[in-house]
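Trainee: The chain contents come next:
There are 2 protein chains.
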Amino acid sequence: MIKQKKELPVAVVGAGMIRFGELFDQSYDDMIVGAYRECLKSVDKGVDEEDIEAAWFGTCLPGATVRREAMGGAGLAEPLRFYPRPVTRIENYCGSGSDSCRNAAFAVAAGIYDLVLVLGAEKMRDIPSRDSIIAQVGRGFHNWWAPRGSSSPQRFGSYALAHMKQFGTKKEHFAMIAVKNHHHASLNPKSYFQNDVTLEQVMNAPIVSWPLGIFDACPTTDGAAAVLLTRPDKAHEYTDRPMYFWGTGVATDPFYVSNKKSYVGWPATEEAARQAYEMAGIGPEDIDLAELHDCFTSTELITYEDIGFCKKGEGPKWLEEGHPMLDGDKPCNTSGGLKGKGHPIGATGVAQIVELWQQLRDEAGERQIKNAHIGLTHNLGGIGSICVINVFGDEPR
Amino acid sequence: MIKQKKELPVAVVGAGMIRFGELFDQSYDDMIVGAYRECLKSVDKGVDEEDIEAAWFGTCLPGATVRREAMGGAGLAEPLRFYPRPVTRIENYCGSGSDSCRNAAFAVAAGIYDLVLVLGAEKMRDIPSRDSIIAQVGRGFHNWWAPRGSSSPQRFGSYALAHMKQFGTKKEHFAMIAVKNHHHASLNPKSYFQNDVTLEQVMNAPIVSWPLGIFDACPTTDGAAAVLLTRPDKAHEYTDRPMYFWGTGVATDPFYVSNKKSYVGWPATEEAARQAYEMAGIGPEDIDLAELHDCFTSTELITYEDIGFCKKGEGPKWLEEGHPMLDGDKPCNTSGGLKGKGHPIGATGVAQIVELWQQLRDEAGERQIKNAHIGLTHNLGGIGSICVINVFGDEPR
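Heads up: the sequence lines are chains S and G, in that order.
Position 239, counted from 1, in the first sequence is what this note's numbering calls 239; the numbers after and before it change by one each time, with no gaps.
Position 47, counted from 1, in the second sequence is what this note's numbering calls 47; the numbers after and before it change by one each time, with no gaps.
These are computed hints drawn from the structure, not numbers from a lab.
Hints are not guaranteed to be accurate.
In this list, chains with the same sequence are indistinguishable; a pair is considered to hold if it fits within one copy or across any two.
[What the hints assert, rightly or not] Each computed SDA-like pair below joins lysine to any residue, with the alpha-carbon atoms no more than 25 Å apart: (1) K311 <-> G111; (2) K234 <-> S27; (3) K171 <-> R19; (4) K261 <-> H183; (5) K330 <-> P189; (6) K165 <-> E53; (7) K311 <-> I127; (8) K6 <-> G111; (9) K261 <-> I214; (10) K41 <-> K317; (11) K170 <-> G283; (12) K312 <-> V264; (13) K311 <-> P219; (14) K6 <-> P267; (15) K171 <-> L199; (16) K6 <-> R231; (17) K6 <-> D233; (18) K370 <-> R231; (19) K260 <-> R68; (20) K41 <-> K312; (21) K45 <-> A162; (22) K261 <-> R68.
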């Protein structure tokens with residue numbers, strides 16, 4: 001039914017982000033300007049800002065977070081003084097940033113523009129976190145067929161529980177992912193958290209929604225990230241080491257938990273991966289590293305399976321064997337992930353691309369992995385109702 | 001600086017909408033299903049729903065209007081059971097629907113998908129209109145540099161006043177546009193308002209913000225509209241009379257009224273028109289009919305000038321000469337416009353395309369104009385901070 005084309009002639013020539021965190025000293029606009037400047041700085045041969053022809057802007061909850069629900073193109077055009085150029089704002093839950101990148105890539109692939117900006121941002125800490133932001137927005141989903149009292153930790157926790165029940169997965173497995181991602185974050189100067197945690201700390205942490213404790217949940221974070229896309233034949237005007245956009249996939253699945261057919265996996269991830277692999281002409285075995293949507297540690301574990309890194313139910317074993325570790329053969333969330341780096345919703349999918357940019361160019365410092373040639377980013381939004389997957393390589397396909 | 005390509009190989013093969021209005025008997029989801037079904041029905045040779053590969057969904061204020069700020073792809077995937085296909089939600093103020101169409105067209109032009117859906121919707125009447133919706137959202141813009149107490153009628157009214165002062169435009173001119181668009185609406189079974197109004201009624205109506213009275217303002221409306229886009233070489237599988245996407249343009253301009261350089265025109269309209277005309281390879285003289293963003297009657301008058309139908313300051317004369325009337329040489333808002341048909345924000349830009357679809361195919365019934373070959377749609381959002389213009393023809397470019 002989805003017979004998408006197998007070519008996406010688009011290259012990344014710049015990628016940058018501000019350090020994520022509790023940025024009380026920066027406004028929403030400040031963060032956007034910061035990420036934009038970091039992105040410009042990353043362009044090896046420099047770029048004339050005036051050559052950027054259009055922009056896509058990913059932000060998810062500006063109504064709840066900065067009291068400006070309708071952002072429109074002005075959300076980016078205003079802080080960057082980007083006028084009169086076109087700006088499109090995209091909201092696709094936790095895939096807002098990565099779907100912005102997909103739409104920008106389509107415009108470049110269609111030959112409409114030569115050089116475009118993708119920027120994602122979310123300001124989540126200026127509103128008190130108790131009974132706010134995600135909780136406020138969550139209430140919006142509480143209609144007659146969605147149970148009252150449900151929250152993100154509860155909804156994702158139910159998947160963790162189902163996986164434990166069906167496959168014998170232990171709470172320790174989820175904890176291992178927290179330890180891994182905190183360690184990666186400690187090596188990433190742009191991460192919110194900079195500290196290691198121990199398995200014991202994670203296991204003994206206060207429970208948010210069983211089996212998920214406070215260290216199994218990603219933090220509420222401020223942040224912004226940006227990338228520049230161009231045509232492959234123009235990429236070398238900006239850098240001798242571009243990153244190439246190999247494939248993209250987006251899939252939808254029922255939103256309401258009561259309509260899900262299974263609680264041990266996300267069909268949207270499977271379908272988005274299928275589309276992205278097909279467009280990229282590869283399989284999961286070809287991926288060298290992946291930035292996965294670890295909104296909760298259990299989500300990362302289940303995603304190993306949905307994305308084809310191992311078979312359904314074998315995520316715990318695959319984790320125990322060390323594959324997703326920094327020195328494993330398929331490192332996951334080398335940036336620290338949402339868990340360690342933070343999860344400013346609209347920025348997340350773009351920041352994942354920033355991590356691939358640094359890894360594929362051997363610029364990731366202490367957390368640099370070996371043989372990084374093909375990377376994947378994954379975002380799961382709206383409790384699995386949407387998934388966005390993008391694949392990049394260090395050479396043209 | 002914006003050197004966009006001059007080709008957009010995309011065709012419209014279906015377009016439909018529900019009747020706009022105060023739809024207390026229809027939920028947000030009901031409207032979406034209704035518009036989708038009307039769109040499917042409009043496809044001459046029929047369409048297998050399963051052949052639709054992806055969708056773009058335009059909606060502007062679901063947080064304020066239906067208490068679901070984050071809609072994501074689920075906003076469309078859920079009511080249409082569209083899973084597992086990709087859906088992107090776009091918010092670009094009053095250009096949300098038309099920019100959704102632009103982004104969908106880019107994906108088709110890039111050859112990624114063969115057949116895609118664009119759907120716009122907004123549910124505005126289920127929340128009491130006093131101190132709500134636009135007013136609620138408007139408060140979000142009230143920070144230190146935006147004056148408190150400003151509202152859409154006040155902001156657009158200031159442009160009307162400036163135009164009166166600088167060019168001698170009369171309140172009667174704005175009233176003439178209300179009379180015209182109400183008349184067109186009376187001939188459109190899908191319009192909210194079905195009644196004519198007299199110049200006297202409009203002139204004597206209660207003032208909202210001088211010089212704009214209640215009949216100068218578009219209503220707060222519920223509604224949804226949808227179109228189907230495909231590649232031109234596949235269009236004849238669906239209809240012998242496709243409509244072709246000739247050009248698109250989006251431009252941004254300062255958001256805050258205090259940063260505007262002039263109050264007698266919108267630079268974003270001029271720039272978006274320039275882009276769209278260039279891509280379409282035409283000029284304003286080639287346009288046979290236009291759906292313009294008459295959120296207020298004065299906006300339509302000023303847009304005649306910004307879009308190049310006449311020179312700056314000559315809008316009143318051009319109107320008096322009858323050009324934009326139903327029997328004029330360049331009919332504007334034959335659908336009734338936002339003023340007569342209604343303005344459910346996310347649906348508006350898509351519904352404008354529905355009107356062009358009917359006019360270019362000689363299916364507009366009592367309001368059918370002669371010689372409709374090239375049509376233009378225009379949306380101005382965020383008090384002129386964004387403009388989206390799309391151009392269509394009844395033959396390939």
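Trainee: Now tell me, hint by hint, if it's right for this structure.
Mentor: Evaluated hints:
1. K311 <-> G111: Result: close neither inside a copy nor across copies, 39 Å intra and 33 Å inter.
2. K234 <-> S27: The answer is neither: 34 Å in one copy and 48 Å across copies each exceed 25 Å.
3. K171 <-> R19: neither (30 Å within a copy, 54 Å between copies)
4. K261 <-> H183: Intra 35 Å, inter 52 Å, cutoff 25 Å: neither.
5. K330 <-> P189: within (22 Å within a copy, 60 Å between copies)
6. K165 <-> E53: neither (52 Å within a copy, 36 Å between copies)
7. K311 <-> I127: Neither: 41 Å inside a copy, 48 Å across copies.
8. K6 <-> G111: both (16 Å within a copy, 9 Å between copies)
9. K261 <-> I214: Intra 28 Å, inter 51 Å, cutoff 25 Å: neither.
10. K41 <-> K317: neither (41 Å within a copy, 52 Å between copies)
11. K170 <-> G283: neither (29 Å within a copy, 67 Å between copies)
12. K312 <-> V264: within (8 Å within a copy, 63 Å between copies)
13. K311 <-> P219: This pair counts as neither: shortest intra-copy Cα distance 29 Å, inter-copy 55 Å.
14. K6 <-> P267: Within one copy, since 22 Å is at most 25 Å while 39 Å is not.
15. K171 <-> L199: within (10 Å within a copy, 73 Å between copies)
16. K6 <-> R231: The answer is both: 16 Å in one copy and 16 Å across copies each meet 25 Å.
17. K6 <-> D233: both (18 Å within a copy, 19 Å between copies)
18. K370 <-> R231: Answer is neither: 28 Å inside a copy and 43 Å across each miss the 25 Å cutoff.
19. K260 <-> R68: This pair counts as between: shortest inter-copy Cα distance 20 Å, intra-copy 32 Å.
20. K41 <-> K312: neither (42 Å within a copy, 42 Å between copies)
21. K45 <-> A162: Answer is neither: 51 Å inside a copy and 47 Å across each miss the 25 Å cutoff.
22. K261 <-> R68: Answer is between; shortest inter-copy Cα gap is 24 Å, intra-copy 36 Å.
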